[in-house]
Amino acid sequence: MIEISIYLRVLLVLGSISTAAFILKRIRQAKVQIEDCIFWLFFAAFLLLLSIFPEVASWVSRLLEFESPINLVYLLIIFVLLVHQFSMTVRISQMDFKLRTLAQKVALNERDQEEHEAAHTAQPGSAALGKADFSSEEKT
Amino acid sequence: MPKLLIVIPAYNEEGSIERVVDDLIQNYPQYDYVVVNDGSRDRTAAICRSRGYRLIDLPVNLGLAGAFQTGLRYAAEHGYDCAMQLDADGQHLPRYIAPMLEKLEAGADIVIGSRFVTVLKPRTLRMVGSYLISWAIRLTTGQPICDPTSGMRMFNRRLLEEFAQNLNYGPEPDTISYLIKNGAVVKEVQVKMAERTAGESYLNFARSVQYMIKMGLSILLIQWFRKRDTTYPYPERSL
Numbered sequence: 001m002i003e004i005s006i007y008l009r010v011l012l013v014l015g016s017i018s019t020a021a022f023i024l025k026r027i028r029q030a031k032v033q034i035e036d037c038i039f040w041l042f043f044a045a046f047l048l049l050l051s052i053f054p055e056v057a058s059w060v061s062r063l064l065e066f067e068s069p070i071n072l073v074y075l076l077i078i079f080v081l082l083v084h085q086f087s088m089t090v091r092i093s094q095m096d097f098k099l100r101t102l103a104q105k106v107a108l109n110e111r112d113q114e115e116h117e118a119a120h121t122a123q124p125g126s127a128a129l130g131k132a133d134f135s136s137e138e139k140t
Numbered sequence: 001m002p003k004l005l006i007v008i009p010a011y012n013e014e015g016s017i018e019r020v021v022d023d024l025i026q027n028y029p030q031y032d033y034v035v036v037n038d039g040s041r042d043r044t045a046a047i048c049r050s051r052g053y054r055l056i057d058l059p060v061n062l063g064l065a066g067a068f069q070t071g072l073r074y075a076a077e078h079g080y081d082c083a084m085q086l087d088a089d090g091q092h093l094p095r096y097i098a099p100m101l102e103k104l105e106a107g108a109d110i111v112i113g114s115r116f117v118t119v120l121k122p123r124t125l126r127m128v129g130s131y132l133i134s135w136a137i138r139l140t141t142g143q144p145i146c147d148p149t150s151g152m153r154m155f156n157r158r159l160l161e162e163f164a165q166n167l168n169y170g171p172e173p174d175t176i177s178y179l180i181k182n183g184a185v186v187k188e189v190q191v192k193m194a195e196r197t198a199g200e201s202y203l204n205f206a207r208s209v210q211y212m213i214k215m216g217l218s219i220l221l222i223q224w225f226r227k228r229d230t231t232y233p234y235p236e237r238s239l
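From first to last, the protein sequence lines are chains W and B. First residue of the first sequence: 1, per our numbering; consecutive thereafter. First residue of the second sequence: 1, per our numbering; consecutive thereafter.
Bear in mind the hints are in silico, worked out from the structure with no lab data behind them. One or more of the hints may lead you astray.
Claimed, not checked - Computed list of lysine-lysine pairs in DSS-like fashion (alpha-carbon distance at most 25 Å, straight line): (1) B:Lys227 with B:Lys214; (2) B:Lys214 with B:Lys121; (3) B:Lys103 with B:Lys181; (4) B:Lys214 with W:Lys25; (5) W:Lys25 with B:Lys187; (6) B:Lys227 with B:Lys187; (7) B:Lys214 with W:Lys31; (8) B:Lys187 with B:Lys103; (9) W:Lys25 with B:Lys227; (10) B:Lys192 with B:Lys121; (11) W:Lys98 with W:Lys31; (12) B:Lys121 with B:Lys103; (13) W:Lys31 with B:Lys227; (14) B:Lys121 with B:Lys187; (15) B:Lys192 with B:Lys103; (16) B:Lys181 with B:Lys227; (17) B:Lys214 with B:Lys181; (18) W:Lys31 with B:Lys181.
To be verified - Which chain W residues stay away from chain B? Per the calculated CB distances, all over 10 Å, these: (19) Leu11; (20) Leu24; (21) Gln29; (22) Leu47; (23) Phe53; (24) Val56; (25) Leu75; (26) Thr101.
Backbone N, C-alpha and C define an ideal beta-carbon position, used for all residues, glycine too.
Okay, chain B solo, but in the shape it has when bound:
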């Protein structure tokens, strides 16, 4: 089995981090995990320390992209074969890790835990953004990505190295689209997601609009001008 690192970026998640990590430790001891505390202002880091979790404690807030990148850097430097993001709010269910890992071993570079492969995407206001991003990705790459905003993504060794060291490699749909256009193999696996039980969603209306503008421009416009630079400083270790 390939060596997998589960990266759990956590920002002010004192209400749920314990449940998520304890579940991993008890029920999925075959996978390694690391919690990346993104300069939380609550007791997230203290809880992780007192429970003895494997923790990377960032002294300042870097944002999701920076926190996740920290985890990938750890994975790259410790010789992991693949890495994935698992949200600390408990939305992502670890029982779908095994099928995702299978897909990755079958030759994908990126596997997305997607809510809408076999399930129809609900036509609600909340999903408007998701529809628009799906459409933009389809338009620019020709590949349907049913759930582009899902944060549950798994990367193989080559991609995790690329993510670990480059600018403009946020764990977001525009990076996915850009990588598909540059020849990366992206697959989706049907998953269910839980509702968040504690904490607050980061996205309010204004932030959603801002996010959409950024993603739209990035996917439709900017990526035509981006150049993929692939030099790997980490020693080769493939699946």
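Looking at chain W on its own, in the form it has when it is part of the complex:
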């Protein structure tokens, strides 16, 4: 059994409590979507539990024959964050695609509108005006 000093324990508990408080404050200010903060709530709860009952970590690490409990804790946290990071990458890619689609849609709509307006201001029969409009636009 590895002994953890009381100061370190208090520090860990305070750290995890303030992490949880920070997350909850952001939720309160409606800065995060609920589905996104569920992960962080679980994560904060995990940190809190681990800081209050560090014996759990040393027990599991003995069970799985880790060299020291900290190895287990690091491995676990890094793995969880990696998985989360990957899911964020997927989401960013999708958002990227959506953003591109939206920008293209807005630009195309604007072009359509300009052509529409040009066709309305033009005299019937003078189809060249739309094109002239386009070239003058490019110069400016």
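Based on these hints, arrange chain B on the given structure of chain W.
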């Protein structure tokens, strides 16, 4: 009569959208409607255009919450007194709009078209989620909501503005629970729902479990920390 907008969010509903909207146009011309196409990959938007329906065509898929919010934004900006959700798969029957509207005019903020006010909720596996959510809402608000997962919901002007512009206002039971706790008046009206005739249900088992976890945490835990922010940028227009 208050001016009502029926919001019909549609994602890949080419098989049923025509029947649903034609029914509205022919039999319920007194209500306005708008179809919000949520970036469907099938012919939903093309059908709406060729039939001349009032359509908002989202260029990307936003999900149900985003699509419905689009409709509410339209309602808010066009001065509607109230708005409701009507599913494009034909499950929601428009003959219950009138009684729901009555309840809304009697002073409710939100009216839910509920399957289980006078009818007993069947004790089947499919209803386990519904029972759990009902229980969670009752626990946190003290109010029984018999059919919390019903999508057939009607909102008054104040609420539709709030829904139109805020984050975390999905048309889901956790929002309902959160609003009840913040003083909104929520009433239920007994309705019958039809079985879907075309398309596929969005909820499979894994999605249901995910949905339940999200709803459970949101109703039981997260809403204690939420703050209701009510500033309305839209000009006041009450019932």
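How the hints compare with the structure:
no. : hint                   : verdict
1   : B:Lys227 with B:Lys214 : holds, 19 Å
2   : B:Lys214 with B:Lys121 : holds, 23 Å
3   : B:Lys103 with B:Lys181 : holds, 20 Å
4   : B:Lys214 with W:Lys25  : holds, 19 Å
5   : W:Lys25 with B:Lys187  : violated, 31 Å
6   : B:Lys227 with B:Lys187 : holds, 23 Å
7   : B:Lys214 with W:Lys31  : holds, 17 Å
8   : B:Lys187 with B:Lys103 : holds, 7 Å
9   : W:Lys25 with B:Lys227  : holds, 10 Å
10  : B:Lys192 with B:Lys121 : holds, 12 Å
11  : W:Lys98 with W:Lys31   : holds, 21 Å
12  : B:Lys121 with B:Lys103 : holds, 22 Å
13  : W:Lys31 with B:Lys227  : holds, 11 Å
14  : B:Lys121 with B:Lys187 : holds, 17 Å
15  : B:Lys192 with B:Lys103 : holds, 17 Å
16  : B:Lys181 with B:Lys227 : holds, 11 Å
17  : B:Lys214 with B:Lys181 : holds, 18 Å
18  : W:Lys31 with B:Lys181  : holds, 20 Å
19  : Leu11                  : holds, 25 Å
20  : Leu24                  : violated, 5 Å
21  : Gln29                  : violated, 7 Å
22  : Leu47                  : holds, 17 Å
23  : Phe53                  : holds, 21 Å
24  : Val56                  : holds, 23 Å
25  : Leu75                  : holds, 25 Å
26  : Thr101                 : violated, 5 Å
Checked against the numbered hints given earlier, the structure breaks hints 5, 20, 21 and 26 and satisfies all the rest.
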